[in-house]
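> Single-letter residue listing:
2 protein chains.
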Amino acid sequence: MVKRLGKVTSEYIRELSESIPLFVLVLGTTDTSLIPGITVAGASPELTHYTPAADAEYLVNGKCDVIPVPPMTPDGKPTPALISRACVKMLDIPVITVVSGARVKPRAVPYVDLCGEPGRDIRTGQALSRDVVKRIIANSEKLGRELARLSRFLVIGESIPAGTTTAMSTMVALGYNAWGRVSSASPSNPVELKKSVVREALRRADLLERPTGDAIEAVSRVGDPVIPAVAGVAAGALRSGSRVLLAGGTQMCAVVAVFKHMYGEPDPDRLAIGTTRWIVEDKSADMVGLLSEIWPNFALLSSEFNLGESRFEGLRAYEQGFVKEGVGMGGLLCVTELRGVPRSVILETVEKLYEKELLEPSKALGLTSSA
Amino acid sequence: MVKRLGKVTSEYIRELSESIPLFVLVLGTTDTSLIPGITVAGASPELTHYTPAADAEYLVNGKCDVIPVPPMTPDGKPTPALISRACVKMLDIPVITVVSGARVKPRAVPYVDLCGEPGRDIRTGQALSRDVVKRIIANSEKLGRELARLSRFLVIGESIPAGTTTAMSTMVALGYNAWGRVSSASPSNPVELKKSVVREALRRADLLERPTGDAIEAVSRVGDPVIPAVAGVAAGALRSGSRVLLAGGTQMCAVVAVFKHMYGEPDPDRLAIGTTRWIVEDKSADMVGLLSEIWPNFALLSSEFNLGESRFEGLRAYEQGFVKEGVGMGGLLCVTELRGVPRSVILETVEKLYEKELLEPSKALGLTSSA
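Protein chains in written order, with the working numbering: chain A, 156 to 526; chain B, 156 to 526.
Everything labelled a hint here was simulated from the structure, so no lab data went into it. For clarity, every value in this text was computed on a predicted model and none was experimentally measured. Since no wrong hints were added, every one of them can be taken at face value.
Beta-carbon label-pair distances, calculated as ranges:
| hint | chain 1 | residue 1 | chain 2 | residue 2 | range |
| --- | --- | --- | --- | --- | --- |
| 1 | A | K518 | B | T367 | 35 to 43 Å |
| 2 | A | V500 | B | N332 | 50 to 58 Å |
| 3 | B | G368 | A | Q281 | 54 to 62 Å |
| 4 | A | P229 | B | D361 | 47 to 55 Å |
| 5 | A | G521 | B | D361 | 40 to 48 Å |
The beta-carbon is built from N, C-alpha and C at its ideal position, and this holds for glycine as well.
Using the sequences and the hints given, assemble the complete structure.
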């Protein structure tokens with residue numbers, strides 16, 4: 156079941172249910188992910204730089220080339236790319252991988268390069284140069300325009316470790332109260348750490364006391380390369396007549412904020428966010444409140460898919476607050492459910508892929524004790 | 156008018172006339188282009204490395220970022236990207252730029268990166284490592300599969316200076332008599348220089364006396380990154396049910412040779428080459444004879460478009476054997492003519508773009524004396 160939160164129009168839902176969308180996965184890195192404890196999207200801070208490329212390779216190929224192990228924690232909690240992969244396989248959705256700016260790029264999937272750069276630690280107060288942000292936006296708008304001619308519906312997802320922290324700082328820089336309202340891939344959201352990093356970043360950028368209305372300034376000071384890339388692809392596609400679903404959690408609130416400041420308030424008949432129940436119900440965050448502050452007529456869809464009945468402990472962990480969102484999982488689940496695929500079939504497909512592509516190779520490497 | 160040479164089926168023509176194709180432009184470089192005199196696609200040998208990126212930027216944006224001048228010779232002979240741009244604009248054809256392996260990549264257009272590498276001078280006998288060729292093929296097949304889900308018809312063009320020389324060596328390495336049968340962007344084809352470079356390359360690769368049946372070996376020894384990329388995208392798209400037009404001259408004969416050795420003889424109802432009259436009638440080459448040796452049931456289309464009546468000297472130069480092909484010009488002209496656009500309208504569009512985007516900026520920079 157897909158829940159409509161906010162003003163998602165029937166026309167939007169009808170088109171999303173009927174068209175074969177194109178899934179655009181935008182990858183990026185920010186050195187903010189190297190801060191110990193800020194993210195769990197990687198076995199160590201350094202390895203977080205490999206996560207986006209590994210996600211893209213797993214999504215498309217069912218295995219990773221940039222890391223030598225299956226993309227899950229040693230105790231069997233899988234990447235959200237598992238569920239995204241199940242969805243794109245079930246519906247035969249084409250995937251285009253996009254690199255907005257990343258320290259590690261995929262090796263085993265072709266990707267669109269936006270000629271951006273990896274994001275620096277936002278505590279420098281200069282995450283990206285203004286020129287790089289402008290280039291990312293110009294190239295992503297062009298890409299969105301071309302892709303819109305190929306598909307009437309774009310679903311845009313993201314993979315960037317520490318992306319909720321850079322989302323918080325970007326939104327605060329633009330004048331929104333995002334303090335402590337962004338989600339996390341961990342059941343224990345390191346809210347205080349994120350706040351202190353964001354405070355330090357904003358202070359250094361001189362944006363703490365006086366927010367800016369300039370989205371390029373906000374992103375270049377305290378953002379990351381993924382936010383402008385997603386906003387730009389969406390803007391280009393909308394301008395060319397397609398509809399867009401932003402597939403992600405609180406990071407997509409930052410995308411909407413940037414979008415609004417650059418292109419005006421989005422039309423809920425043409426642009427919506429699709430996420431998971433795990434994000435919407437996350438008590439350590441406040442996606443609905445945050446979004447409604449940024450976008451009064453916001454259009455938000457939430458997939459009610461749950462993994463509580465899974466026969467695998469690693470999948471049931473999602474119900475305890477692990478992972479929650481990423482790699483377009485929530486939006487792709489919305490699309491799959493709207494197309495009428497029964498929840499039992501989704502679960503079965505996810506479990507099959509989990510067993511065959513993650514558990515078995517992991518056991519063969521002697522990595523997973525139980526699952 | 157479009158001439159059918161060889162067995163192009165009516166079904167193929169019908170679908171090409173009716174569908175909106177996707178244009179895929181594959182860029183690459185080979186250090187073979189640094190050999191003085193081997194190519195005219197660049198103001199100096201070193202600058203040939205900028206030509207593919209400049210072509211892509213001009214095609215999409217109408218201006219270049221990687222070079223500070225408009226993409227034409229000082230005396231006003233324009234890049235074939237001018238005519239390709241006129242075609243994609245007239246028919247509103249979406250463009251996807253792909254980098255197979257290049258020393259200079261575009262800055263102002265998003266591009267798909269196949270994670271290949273620039274080609275070394277073929278006289279080393281090791282143009283690319285086998286692993287790189289395999290990676291290019293694997294990634295381009297995946298890209299072709301995804302793109303085929305977005306469009307029923309792919310038109311694939313190329314831009315790689317010295318590409319006819321690496322095409323010659325690749326075909327000879329595979330056992331075909333390509334000696335002196337490839338074309339050139341110059342009215343005085345440096346046939347003897349090309350032959351001596353190819354001979355040296357094949358001798359070093361130990362393929363001069365005993366050709367190989369292994370296409371990966373031929374490409375990695377004496378080829379370039381564009382040839383396997385075009386073959387791979389075509390193979391992936393065909394496998395997913397789309398039709399493909401290889402838009403190019405004698406370089407596409409090398410693509411067909413590699414395709415045949417890797418995937419079997421192509422079906423003329425699904426794959427054809429589209430080129431220009433300037434290539435087919437080039438007396439310094441022999442595209443039809445060469446192609447029929449490689450592919451007995453070959454499907455070849457040739458655009459009869461001519462520039463003899465142009466009011467610009469720089470465009471009339473095409474009738475004296477300058478440029479001839481590149482950036483998908485021939486195939487895109489075939490598509491445009493088959494769609495019923497009158498030749499006068501094509502000429503007018505080309506001339507308008509030439510004047511506005513090449514001549515005027517060039518004069519403003521004090522570069523062009525006359526045209």
